[in-house]
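Protein sequences appear in the order of chains A and B. Counting from 1, one number per residue, gives the positions in the first sequence under my numbering. Counting from 1, one number per residue, gives the positions in the second sequence under my numbering.
I should point out that these hints are in silico values taken from the structure, not numbers from a laboratory. For every residue, glycine included, the Cβ atom is placed at its ideal position computed from N, Cα and C. Check each hint, because a few of them may be wrong.
[As the list claims (entries may be wrong)] Here are the simulated DMTMM-like cross-link-like pairs (lysine to aspartate or glutamate), alpha carbons at most 20 angstroms apart as the crow flies:
no., chain 1, residue 1, chain 2, residue 2
1, A, K450, B, D147
2, A, K578, B, E330
3, A, K580, B, D139
4, B, K573, B, E659
5, A, K376, B, D139
6, A, K580, B, E340
7, A, K578, B, D339
8, A, K450, B, E502
[Claimed, not checked] Derived list of chain B stretches under chain A, where covered just means 3 residues or more per stretch with a C-beta under 8 angstroms from a C-beta of chain A:
no., segment
9, 69 to 78
10, 142 to 150
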Amino acid sequence: MRSSSYSALPARALRALVVLALTAGVTAAVPAARAETAAAPPAAPAAPAAPAVAAKPYMGWTSWTMQSSKYPGLNPKGDYSYLSEANVLKQTDAMAAKLKKYGYEYVNIDAGWWMDWSWTSHFDEYGRQKADPVRFPSGMKAVADHIHAKGLKAGIYLPVGLEKGAYGDGKNPIWNAGGCTTADIVYDDLRTTNGWDSAYKIDFSDPCAQKYIDSQARMFADWGYDFLKLDGVGPGSFKSGDNYDNVPDVAAWHQAIEATGRPIHLELSWSLDYGHIADWKKYSNGWRIDTDVECYCNTLVSWENSVDDRWDDAPAWTAHAGPGGWNDLDSLNVGNGEMDGLTKAERQSYATLWAIAKSPLFTGDDLTRLDSYGLKLLTDREVIAINQSDAPPAEPVTASDAQQVWAAKNPDGTYTVALFNLADAPAAVTADWAALGFKGRASVRDVWNKENLGNRTGGITEALPAHGSRLFTVTPRGTRLAWTAHEAEAGTLAGNAVVAGCSACSDGHKVGNLYSGGKVTVEDVVVPSSGTYQVEVAYVSGDPRSVLVSANGGGGTSHRFASTGDWGTVGSVYVPVKLKAGTNTITFDSGTGYAPDIDRIDVPTSL
Amino acid sequence: MNPSPHDPSRRGVLSLATTAGLTAALGALPAFTASAAPADRPDRTTESPLPAGAAREQLWWRAPGDEGSLIEQGLPVGNGRIGALASNDPGHELLLITDATMWTGGLNDTLDQDGQFPYGRADFGSFTLLARLTVDLPDHDLGSVHDYRRTLDLAQGVAGCSYVRSGVTYRREMYASHPDDVIVLHFTQSGGGRHTGSITLTGTHGEKPDSAESFGAALPNGLRYGAAVQARATGGKVTVQGTRIDFAGCQELTVVVCAGTNYAPDAGAGFRDASLDPERLARTKARAAAAVPADALRRTHVADYRALYGRFGLSLGTSTAGQRALDTWERLHARARDDEPDPELEAAYLQFGRYLMISGSRDSLPLGLQGLWLDGNDPDWMGDYHTDINIQMNYWMADRTGLSACFDALADYCLAQLPAWTDVTRRRFGDPRNRFRNTSGRTAGWAVAFSTNPYGGSGWWWHPAGNAWLCTTLWEHYEYTGSREYLKKIYPLLKGACEFWEARLLPVTLPGTSKEVLVDDHDWSPEHGPQDARGITYAQEVVWTLFGHYCTAAAALGRDTRYADTVAALRRKLYLPEVSPTTGWLQEWMSPDNLGETEHRHLSPLINLFPGDRIRPDGSTPKDVVAGATALLTARGMENFGWANAWRGACWARLKNAENAYRLIANNLRPSTDGRNGTASNLFDIYEAERGRGIFQIDANFGTPAAMVEMLLYSRPGHIELLPALPDAWAAAGHLEGVPARGGFEVDLRWRDGRPTHVTVRSVGGRTTTVAHGSTTRQITLRPGASVTLKGFGR
């Protein structure tokens, strides 16, 4: 049954507009912000209208997390056997009872719905995946109906490509495509594709190919599914090269979904290639930026494998998230306590990053066994509001060191500010207001603790446990800082350093080749008084790199800069530099390693 | 004008008190014994609490530690016998508790196939934890509190933290009281807050807890141990719930812990006090202390602590407001990054060493590789006593910084071990498999290996010269204190070491001459180069010093005149090192060649540059020897780790190279991150054992302060030199108060622009000495107790 809330309007045209607007906004906003005050991350321009699908990061549940775990008792019938009709219905009921009122709505069935307990696939006579009658005795439509009856939305899953088991010697007919068979839709050499090479690559030069995708989409639409996770998609999924270029598959799915008339959210997985972000944005509603968060171990996840990778990987993608398509950090498994495999502090940090990065908030926890702390983390209305707000995703405003600060400027002029301590031991972390673009006082609300802390001058410091976090809403009460720009290319180069062209950089140039002792010294940095200044550094780096920053020839402090995604994109963070009154030099030294390219620095004109 | 903030009469009283303490300690009591009823102890002061130490004597931080970071972030407390590392986490206070005698292992006198000692945790043994105390306050989770601040008040000997939760300021303090023989935790609040949570006290060796308030057990070696806890609250309720103590709604909470073992420093009794039930004694002491009001416990502790801490003061200059605004960890980073002196931090680092000494070395076993502080039961090198630099370095600063009373633990230890050391040496040193045995076939006296434990046991390889270095270290304490009683006490150690060397020294004829000299037999210069070298410089130098001390001791005590003559004759025949014509270095082996690692951590051949006095840049030593020592020290380099840097610093101070000495101190103050060499957040010295794994080695925490004092005041009996190696960083202005000098004096010294402006010398037993600064020299003669203020050094 189609829910009345579904719009029949195709979302695609709107999406394209939004994407264009966002792209333009980002491109234009960065230099503009720099020229003026270079303060906080630029706010995303207001979307002209909310898209029908993924207007906000979606919220829900996935079956994969428990399927993938070796936690005792979860998968009694063999690997991945958690996925069953009974378990999906149980989680649906729990979500409806506990989480729906906070905005959670998608119940997503992941891999295996068409496989038996020993992971053998079933296909119908048209080469389409068919529910395993033991796993899902009532069939997939009945499950979707149950989910809808609870006022929720249903998600389903497919690997990209023509699964090998669907090929049937090339003789399987394609549904509703007179004369087409599976032989027509693949290459003659049966080249394989996807992250597991479990499918034949589909040749979309044959019109039968689109028909096959159409037939799958039609099937899901008929069953009433609202969400499809397309998995193993490349470039990405640890694959590259022509055989793993699944952009045509994704485009075909986009077209097929549109043709169904049903608004089905299309989510791409996993570790999607950053270089194809334009394609992912054009054709899908979300893309997994990284590998699985699950540890495939005795718990659901673990901090090192791979929750903590997100702090490194998310920053480059930040600019690309927005209504219609979001950066998917993967499932949020903070609700079960011991089974999650995380400390309380780690659970809060995990929830904080996902919320502020505007990742979809879908958990893989057992919703029937949420502990009170987990329920609090998953249902904090202020935190969810930050995730679902119109503000842009937060990004690091400091270097990506063990202690780091992320922030986003909200449309109302406040800032969402998160402190993180990624070190293995407790540490103090300070958010300096200068890194938000102002000085003086600001009133601070501690979001998780529901506590207004009053006005704080200059910044706020908190003691954080190992892997811990704080989340604040900061309302500036001070004055905006002014900044003086210094182009790196005007500095003094040493070692291998060279000035290179850079279309995204201010003045069209940057300093590159900063490796093995290469360095650049920015001269004539004049400040009125001695002290520690938050210097904004605009840089370009295709991977995370560290650089030694020093002033006046003194000892350097090593700072790690997050990847900007590629060697043509500029990012910026603030680093503390101790300067003396008068004229200073600031040096970026690669030391013995490889440093990011430096575009320019902006130095506050006052403390 | 008397520039000292100390009232001179008060100092006099303290000196007397210390002397009395020294006498009492001579009759070394078992480590863990009953004490006077706490409530009416005579030392229970009724004075109001002393004001908190000045900011420059407070270390502070903005983050607590946790279980995984206690070595870098735990704050140490200790009463000289029991100690703990504390996390100061608001929601989860954790103390890992030690007793200095909590050792596995035993006599370890069955040699391995190579004639050397086993070195494992079961046979040789290891220093281990005794107990683990947690105080959980679930509502005070670190993630829910603000404005966290943690302090270590060096002037009072009190650690603690404060934080704000829901508008209420909570404070907690902790310290280990020597008078009450307990660790005290005191939780308070202002603003209507309450403490609710639970306390657990458990062992770390698989004990089965059956009580919340105490436990007792025995190690496989038979050592019995026990611990007890008591909690008292104002307001609210304290209840025992099985193996937990719960507290609810308490305005204030006091938690008192006592722990101990039945170790006894008595080889004849197998190092056990069979009559002692440690759990029962711990319960008795914990109950007694818990009956005393918290403020009285604190006052008593602070007064006791101040009596030691207050004997010495220093200023190395003034730090900037910017430096003062930083917490201790940031300050270490800033100091290293900017390479700018931070004189108050540097002085606080020295005072932290004194805090550790007062906390770690009283009335029990001496400080080993990690002092009294562990974060687990498998400390590297067993947390043992290493006799080829580490235990000696631990005690270099005791007398130099007015903590002579803390030195007794080392002397008492050696004395208690002597019967076992002598016995094992007699039975085992001559083992034909021992490559270090005496060619003469005779064995006498006593020797130890590179490692020693508290059960008379040695570990790893024999270390022939270790006995001599222990003795010269013990001797220096005599030079500072002049105590005849103490000299009598250590005399058997000196004599036994001389007997060992009398049997060991080999006569050889120097090539190309007819001169016969005595040399050390097959030996290893610590810890590099050949293992069968004869006449290693280290042994020749330290035995030369030992023999000299012995002769002085025998004369002073009027004993063994003929044997002293024998020793004096041996000393005259001892070979002393030459300068290599090849390298220009003082030779480490009887060879012109460099047979070891150029930048090796040990400075063994320079043992008589520091801590010994034979090599002096004052014209009394042949110039080529001074030059050779300088060249060797130069070759050893400036970039090493903790204790190696500290030793280098002290040597450069002796050579009056202030800037090199200061550089080495600065190197040790570099913040240790990711386990690298340097100073941890809690100021513990960290040695990078392997990439990414730093371990705590306390020796640099003591050796660095010793080097700092050497830069400011050099002394040997009859001679005091002011500011011998004052670096530019400290030259502007500073002072020392109560700095002891060898020969039986104490000095107060102020300086400005690099020159002494006020010098007072007090006799604490010494009679005559010269006092020098640069080329200015004064000769003074004082009665014991008298003092003189010297003028004219400033011009």
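Evaluated hints:
no.	hint	verdict
1	A:K450 x B:D147	holds (16 angstroms)
2	A:K578 x B:E330	holds (13 angstroms)
3	A:K580 x B:D139	violated (44 angstroms)
4	B:K573 x B:E659	violated (38 angstroms)
5	A:K376 x B:D139	holds (15 angstroms)
6	A:K580 x B:E340	holds (13 angstroms)
7	A:K578 x B:D339	holds (13 angstroms)
8	A:K450 x B:E502	violated (78 angstroms)
9	69 to 78	holds (count 3)
10	142 to 150	holds (count 6)
Hints 3, 4 and 8 from the earlier list are contradicted by this structure; the remaining hints agree with it.
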